[in-house]
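K.L.:
In case you want the letters, here they are:
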Amino acid sequence: MDTTASGRAPVLQLKDIRKHFGGITAIENFALEIYPGEIVALVGDNGAGKSTLVKIVSGVHAPSSGTITMEGREVTMASATMARSHGIEVVYQDLALADQQTVYMNLFLGREPVNRFGLLDRRRMIDETDKLVKELDVRIPSVRATIRNLSGGQRQGVAIARATHWASKLILLDEPTAALGVSETAKVEETVRSLKQRNIGVLIISHSLDQVFRLADRICVLRRGRQIGIRNAAETDKNEIIAMITGLQH
Amino acid sequence: MSSANTSTEVGSLASRFNLQQYVVYLGFLAIFLFFAFMLRDSGFLTVRNLSNIVLQTAPVTIMAIGLVFVMSAGEIDLSIGSIVAVAALAAAVTIASYGMAAGIVAGLGAGILIGLINGALVAYVRLPSFLVTLATMGLFAGVSRSMTDLRSISVTDETFTGFFGSGSLLGVPSLIWWTVIAIAIGHLVYRETRFGAHVLATGDNARAASVSGISVPKIRLAVLTISGGLAGLAGLLYAGRLQAAKYTLGETDLMTVIAAVIVGGTLLNGGKGSIVGALVGSLMMGMLNNGLILMGLSVSDQMIVRGLIILTAVAVSLRDKSR
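So the protein lines, in turn, are chains E and B. Quick note: the first sequence uses the numbering used here, first residue 857, plus one each step. Quick note: the second sequence uses the numbering used here, first residue 17, plus one each step.
Keep in mind the hints are simulated off the structure, nothing from the lab. Treat the hints with care, since some could be wrong.
Dumping the calculated SDA-like pairs for lysine to any residue here, alpha-carbon to alpha-carbon at most 20 Å [stated by the list, open to error]:
id	chain 1	residue 1	chain 2	residue 2
1	B	LYS288	E	THR1002
2	B	LYS234	E	THR937
3	B	LYS234	B	VAL141
4	B	LYS234	B	ASN285
5	B	LYS288	E	THR937
Excised from the complex, chain E in its bound form (with noise of 0.2 Å):
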């Protein structure tokens, strides 16, 4: 298997990132690289600073220490729109869909085109999301399909081809198949996957191990906020990772 692309600089560098709220340590001394076209897990039990970590690596929390480089330079991340703009998107466990609107105008919301008239270009909306979904092969019934009559792994589908259309470095995805049945759940696994051939880092949380081995190059595992440490998903095992999560010897 292909993993980390040795020799290649990792689109997305974390070190020595801690996260204060108050008095309390959300996360300390965390590090971790991820590569073009890898993917990384990053489990832990409830509480362990999962969330705390992506909203920092999405721009919603600053750290409050260390530093995030991206392909070699050291850059802040002090908004959701500075993240976005640095070529990271994200898929919410809630998916931040607008219901009502069709599958193109969400795959472009709040970043309409327009033509030289300044009204929307909805055309190109129109082109590009079915060219998109085609290539990632999301069955929905039509680009102009409204988002509430589609299904959960319809839906996800359409969060995770947004997310890969304005991603140039890196895709976030928190719980993507939480919510989802067993075919819903292996075609969303199937979409993933499938982000490796386009050279973008993948950060995935997921509470299912299961899912973690089918999908990683690597998992990084959390515990109260300390890393306990990174494998290689070829050379560990559930048991091993469990024991880290839990902190329990086996």
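Start from chain E and add chain B according to the hints.
P.N.:
Chain B in isolation, oriented as in the chain E frame:
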């Protein structure tokens, strides 16, 4: 692939032309046919009467455009009726001393300013628009009463009354011009601009809009300001047509405007709406008004019948939209 495309087209056609979107047109047609038959000898179908309906409806239509934006963004504006009176009085008083141009600025300015106050309280103090505009509705109803001590102010500037009321251009009455232009611009902005898309996204899912980089507070401020400005314009139209301004102007319009907008297919909770639907809804309300008068119903009976019909129309157009 081609078969998949065909079924796709059929599916989207079916979903686009569902009954609900027709309700306003069917209701319009039903009421029209009912009156055309019942009042065939009472002059309902004369060109004069029908164009009168459109002229009388103009201020309600203009306010309805603003409310489509407000409701699509998931907010409400209950203060439009009070804004109409304040704007009309501000314009009338100013025209008397400083002339037409200053009067227009005063009228529109009053509407925009009240809209800005509503919008700032909703967007930045984060109070619910229902409560904010309920309060400003009462507040500015008081202001309009105290502005001229309940007196009516006449508007004698003929350029003004022509422009906003009784005049015409190319044989078309100015109130129809106002209606057509406002609907055209409103529809274009609502359907074909990024702003319109952001209004819909905000009303649909404010969090999604926000994480997509849309400034939700700015959208909320903007829609309430637009609504205030258009209510101000409606005030000018009333002052122009009646050649006078009084605190009672717009007093009873709120229910009519809300009914027109909802019957016209705009969701109360935001995310979906139609400017053209609001126009048809507004004309429907005007036709209802007109027909009931021609049928000779007493004022109290008119109110009861109108209330029942609005209730029915709203119930039909809201049914299973929340599914």
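K.L.:
Would you mind marking each hint as holding or not holding in the structure?
P.N.:
Tested hints:
Of the pairs offered as hints, the one joining LYS288 of chain B and THR1002 of chain E holds, with about 11 Å between alpha carbons and a cut-off of 20 Å not exceeded. The straight-line distance between the Cα atoms of LYS234 of chain B and THR937 of chain E is roughly 16 Å, inside the 20 Å bound, and the hint therefore holds. For the given pair, LYS234 of chain B sits about 13 Å from VAL141 of chain B by alpha-carbon distance, which is consistent with the 20 Å threshold. For the given pair, LYS234 of chain B sits about 19 Å from ASN285 of chain B by alpha-carbon distance, which is consistent with the 20 Å threshold.
A hinted pair counts as satisfied when its Cα atoms are at most 20 Å apart, and LYS288 of chain B with THR937 of chain E does not qualify at roughly 26 Å.
Consistency note: the structure conflicts with earlier hint 5 alone.
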